[in-house]
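Trainee: Sequence:
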Amino acid sequence: MKRQILSISIFVLIFVLMVQAGTPLHFFSTIHKTEPAAAHLSSPSASLYEKLEEASDMYNEAPRDAVIDKVWKAIPGYNGKMVNVKESYEVMKESDTFKEEDLVMDEISPDIHLKDLPPSPIYKGNPAKPMVSFLINVSWGEEHIPSILKTLREENVKATFFLEGKWVQKQPKLAKMIKEEGHEIGSHAYSHLNLGESTRAKIRQELRQTNETLEAVLSEQPSLLAPPSGSFNDDVVQIASELDMYTILWTVDTIDWKNPNPMEMAEKTAAKVENGSMILMHPTAPTSQGLKKMIHLIKNKDLQLDTVTRLLDETRINQR
Numbered sequence: 002m003k004r005q006i007l008s009i010s011i012f013v014l015i016f017v018l019m020v021q022a023g024t025p026l027h028f029f030s031t032i033h034k035t036e037p038a039a040a041h042l043s044s045p046s047a048s049l050y051e052k053l054e055e056a057s058d059m060y061n062e063a064p065r066d067a068v069i070d071k072v073w074k075a076i077p078g079y080n081g082k083m084v085n086v087k088e089s090y091e092v093m094k095e096s097d098t099f100k101e102e103d104l105v106m107d108e109i110s111p112d113i114h115l116k117d118l119p120p121s122p123i124y125k126g127n128p129a130k131p132m133v134s135f136l137i138n139v140s141w142g143e144e145h146i147p148s149i150l151k152t153l154r155e156e157n158v159k160a161t162f163f164l165e166g167k168w169v170q171k172q173p174k175l176a177k178m179i180k181e182e183g184h185e186i187g188s189h190a191y192s193h194l195n196l197g198e199s200t201r202a203k204i205r206q207e208l209r210q211t212n213e214t215l216e217a218v219l220s221e222q223p224s225l226l227a228p229p230s231g232s233f234n235d236d237v238v239q240i241a242s243e244l245d246m247y248t249i250l251w252t253v254d255t256i257d258w259k260n261p262n263p264m265e266m267a268e269k270t271a272a273k274v275e276n277g278s279m280i281l282m283h284p285t286a287p288t289s290q291g292l293k294k295m296i297h298l299i300k301n302k303d304l305q306l307d308t309v310t311r312l313l314d315e316t317r318i319n320q321r
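Taken in order, the sequence shown gives residues 2 to 321; the numbers are from this note's numbering.
One or more of the hints may lead you astray.
Taking lysine to aspartate or glutamate pairs in the EDC-like style, the calculated list, with each CA pair at most 20 Å apart, reads [unchecked claim]:
1) K203 with E213
2) K269 with D245
3) K294 with E268
4) K259 with E144
5) K269 with D303
6) K52 with D66
7) K203 with E243
8) K171 with E216
9) K167 with E143
10) K180 with E62
11) K74 with D235
12) K71 with D117
13) K52 with E95
14) K180 with E216
15) K87 with D117
16) K87 with E101
17) K74 with D254
18) K151 with D307
19) K180 with E144
20) K159 with E221
21) K293 with E155
Keep in mind the hints are simulated off the structure, nothing from the lab.
Note that this is a predicted model, so its numbers are computed, not measured.
The whole structure should be built from the sequences, with the hints applied where relevant.
Mentor: See below:
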């Protein structure tokens, strides 16, 4: 009995001392198995959803507005991208596994588009777009066109052919062959006139006459103008815009009219090509012979080849 009283006394004394020392009373609480505060976060499905939300920070990309650059003039916009968390979750929930290749992405349009800019020449596409275009200006060299078309067909590449109006009248079958192969048709004016030194009236006449010819022979109304010899001024750009055409120049020149070695030309040209490049060429022997190699070298840089209109479009290339 004395021993029991002594034990109780000691316990009471310890308790009083601990209270005075400020020791928390929950020291004596019964310990229970703790449940997660938010059980849904620890479930496999919630974990997947969290990964998708985290992926948004990693994969989202803001759109790029079209701009007037001091050097390159008009540059088109490029869509941004955003992870669609809800749709991505629906795709992945059965396996409950995050897979990058199963991400569903939405494209986000820029606020400023190419059509919103004042009339200005275009030398290149958006530098964020891994695509390039061949600009093939045609006012002579018809003997090389069939072989060029054959190479483009074999390599599954579409180009933009800028046709001179007078040439189309002389070579309607070849002009139709180009169109039937699925290539884009642009205007190269009517008579290879130096538009940069012409009157407004003459510029308008050249462009309208070409458009009428392309409509009559090919049922085409071009939306792109490549001024002969790259000669233009503000009047050319303005009048082309009034006729619903963009004025197209180039980023990289093959200089194929100087009759370079075809393989060297292909290598030098491809080395200069980057996102958004527009590559000028003509129906020449060097282009006919070096085109296949040039295409292979460009594709090896993970760049797609397509028409100028596709290059200027804001649609993203399907890359993660």
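Trainee: Does each hint hold? Answer for all of them.
Mentor: Hints and how they fare:
no.	hint	verdict
1	K203 with E213	holds, 15 Å
2	K269 with D245	violated, 35 Å
3	K294 with E268	holds, 8 Å
4	K259 with E144	holds, 17 Å
5	K269 with D303	holds, 17 Å
6	K52 with D66	violated, 30 Å
7	K203 with E243	holds, 15 Å
8	K171 with E216	holds, 15 Å
9	K167 with E143	holds, 13 Å
10	K180 with E62	violated, 36 Å
11	K74 with D235	holds, 12 Å
12	K71 with D117	holds, 17 Å
13	K52 with E95	holds, 15 Å
14	K180 with E216	holds, 12 Å
15	K87 with D117	violated, 33 Å
16	K87 with E101	holds, 15 Å
17	K74 with D254	holds, 18 Å
18	K151 with D307	holds, 16 Å
19	K180 with E144	holds, 17 Å
20	K159 with E221	holds, 17 Å
21	K293 with E155	holds, 9 Å
Hints 2, 6, 10, 15 from the earlier list are contradicted by this structure; the remaining hints agree with it.
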